[in-house]
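Visitor: One letter stands for each residue in the lines below.
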Amino acid sequence: MVRRFVRFLLCLVGVVVIGGAAVYFITAPNALPESHWANLGEPDLKNGEMVFWTGGCVGCHATPGSEGDAKLTLSGGLALKSPFGTFHVPNISPDEKAGIGTWTLAQFGNAMKRGVAPNGQHLYPSFPYNSYARMSDKDVNDLFGFLKTLPKSTNVSPSHELPFPYNIRLALGGWKFLYFNDEPRVALAANVDDRIKRGQYLVEGAGHCGECHTPRDRLGGFEAGKWLAGAPNPEGKGRIPNITPGAKTVGSWSEEDIANYLETGFTPDFDSAGGSMADVQRNLAHLPKPELEAIAAYLKAVPKQ
Amino acid sequence: MRVRAITAAVLIAGLGAVGVAIAAEEGTHDARSALMKKVGGAAGAMTAIAKGEKPYDAEAVKVALTTISETAKVFPDQFKPGTETGDKAASPKIWEDHADFKARADKLSADAEKVLAQLPADAAGVGGALKTLGGNCGGCHEKYRIKTE
Chain A
25 MVRRFVRFLL
35 CLVGVVVIGG
45 AAVYFITAPN
55 ALPESHWANL
65 GEPDLKNGEM
75 VFWTGGCVGC
85 HATPGSEGDA
95 KLTLSGGLAL
105 KSPFGTFHVP
115 NISPDEKAGI
125 GTWTLAQFGN
135 AMKRGVAPNG
145 QHLYPSFPYN
155 SYARMSDKDV
165 NDLFGFLKTL
175 PKSTNVSPSH
185 ELPFPYNIRL
195 ALGGWKFLYF
205 NDEPRVALAA
215 NVDDRIKRGQ
225 YLVEGAGHCG
235 ECHTPRDRLG
245 GFEAGKWLAG
255 APNPEGKGRI
265 PNITPGAKTV
275 GSWSEEDIAN
285 YLETGFTPDF
295 DSAGGSMADV
305 QRNLAHLPKP
315 ELEAIAAYLK
325 AVPKQ
Chain B
1354 MRVRAITAAV
1364 LIAGLGAVGV
1374 AIAAEEGTHD
1384 ARSALMKKVG
1394 GAAGAMTAIA
1404 KGEKPYDAEA
1414 VKVALTTISE
1424 TAKVFPDQFK
1434 PGTETGDKAA
1444 SPKIWEDHAD
1454 FKARADKLSA
1464 DAEKVLAQLP
1474 ADAAGVGGAL
1484 KTLGGNCGGC
1494 HEKYRIKTE
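If you read the protein sequences in the order shown, they are chains A and B. With our numbering applied, the first sequence covers 25 to 329. With our numbering applied, the second sequence covers 1354 to 1502.
The following block holds chain B by itself, in its conformation from the complex:
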C-alpha cells in the first residue's frame, strides 16, 4: 500500500515536472527566465553563505556552481534562429552577434568550473567567487537584456 502511494506520488511529481517543461517551450521568454532563475537561485545560495546568513557548506557550494556551469552551457540553445521575436527582454543583438553571446555563456560556465575545481573553503572564498562569476552576469545583461518595466 505504502509503496503504491509513494510510486503514485513520484509519478505525479514526475508528471508535474514534465508539465512545467512543456509549459515553458524552448526559445520563449518563460523558458529563458526559468533557466536564469536557476542561475539566480544558485547565486542566492552562495550569497547567503558569503554573507554569513547560512553556515559554510561545501556540498551546497558545489551544487550551486554545478547548476551555474550546466545552465550556462544550455542557455544559448534557447536563442536559436527563428526565436527572435516574442520576447521583449531579449535584445536583437543576441542574434546579430551570436558568437559573442555564446562565448559569454561559455565563459560563465568555464569560470564556474574553475571555481569548482578549487572549491572555496570558507565564506570569504565564496564571496570572492561570486564577484568573479557576477561580472559575467552584468557584462551579458548590459549588452543583451532589455529592461521592460
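With the rest of the complex left out, here is chain A:
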C-alpha cells in the first residue's frame, strides 16, 4: 500500500517536472543567435535617424517634459501607468553605466525583435517588441548606430512597480506564447501596391501604431480581429480613435488628408492632433512625404472596423 503510494507520488513528481520543463522550454526567452546579427555591416546613420522618428523613441524615452534638442537625450524616467502596474521607462542613451552604451548589436537586436534583455530575461511588452519584431535587421542595425550618436545621460530609472503576479518575468513567456509573433497583422493580397506594403511595414513595425490604436484583452494582448479599431486611452480619460476605413472621423479622410495630417498635424477641417498623438505627429513629420503617403495608403487598405 505504502509502496504503491510512493510510486504514485514519484510519478506525479515526474509529470510535474517534465511538464514544467516543457512549459519552460516553450516559454523560455528565445533570443536570435549571435551569428544572426554578425554580418549587417556599417550602419546607415541617415536611415537610422528615419527609423528613430518612425518609432518615436523620444515619446517614451526622452527626459519627461523636455523639449527641442533636449529630447534627444534618451534618459528615460517616464512613469507609464497601466492596468498591470507602473512601468518606469529605462535610459537608452549611450551611457556605459546607466544606458545601453556597452550593449552589442545582438543584445540590442534581441531586445527589439525578441523582447529578450541582455541578461537573458524576458522584457515587458510595455516596450513594444511585439511590433518591432516586424522590423528588418538592417533597420535595427541602422537605428542602433544612430542611437549611439545621441547624448549620454547618467539617469537611472526606478524599477517597475508591478504587483504579483505581473512582477514575475518568467510568466512573460506565457504571454509571449499567447500573443507574440512577427507575422503580418493583416493579410494583404500578394499583388498589392508597393506603397501599401511599405505602409504596412512602417505601421505594423517600427511605427507600432497598433499598440495604442488596437484594443487589448484582460491580459494585455491585442483582441483578435480588431486591428486599429480604437481603444480606451491607456493614459487616462478619452479614447484612442479607430483609424481604419470604417472609422467615423478618419474613415472619411482621403489618403492625402491622412498624409497631410501626419505631416502638419492638421485634420482636413483644421482641428489639430492632440493628446499623445501630438508627439507622435511631431516625430513622424521628420519623415519624407512618400513615407507618410505609404502609411496613409496602408490605412486605407486595412479591414474596416
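Because the hints were derived from the structure by calculation, they are not lab data. Among the clues, some could well be false.
[What the hints assert, rightly or not] Covered stretches of chain A, going by a simulated chain B footprint (3 or more residues, C-beta under 8 Å):
no., region
1, 32-44
2, 293-299
[What the hints assert, rightly or not] Computed footprint of chain B on chain A; a stretch qualifies when at least three of its residues, placed anywhere within it, have a C-beta under 8 Å from a C-beta of chain B:
no., region
3, 169-176
4, 303-309
Beta carbons: idealized from backbone N, C-alpha and C, even for Gly.
With the hints as your guide, set chain B onto chain A.
Guide: Below, chain B alone, put in the same frame as chain A:
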C-alpha cells in the same frame, strides 16, 4: 419698400447671430468648439494660400491672423471656475494648471500678432507662419484636450 426689406433681413440675420450666441452658452463644449472652429477656419484659409489652392491675398491673411489672435485672447474665459464638468473633451488639467493654460493661449495670440506686424508677403511666408502658429495648437491639445471618439 426695398429699404424695409433690407432692414428686415439685417434684423433677422442679427437675431440669428444672437440666437447662435445664446445657444452656445459660455463654458460649454459647444461654445468652446465654436471658438476653436473659428481658429481652425482661419488656419484653413491660410493653408489654402500656403498650398497655392488660392492666390495670395494680403487682406485674407490679415483677417485670418486677427481672428486667431482675438479668439485666443477670449478662449480661456470659456474655462472659468465652475465649468469643470460637462465637457468630456476638456481635461481637468485646464483648471489644475490654469496659469499655464492661459499662458499658452496668450502665446498663440502674441504669435499671431507678431506675424501680423510683419505680414508674410507670399505663399511661402504664409506657410512658415502656419508652422509657427500650428506648434501652439498641438502643444495645447497635447496637454489639455481629450479625444472622445
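Visitor: Which hint numbers doesn't this structure obey?
Guide: 1, 3
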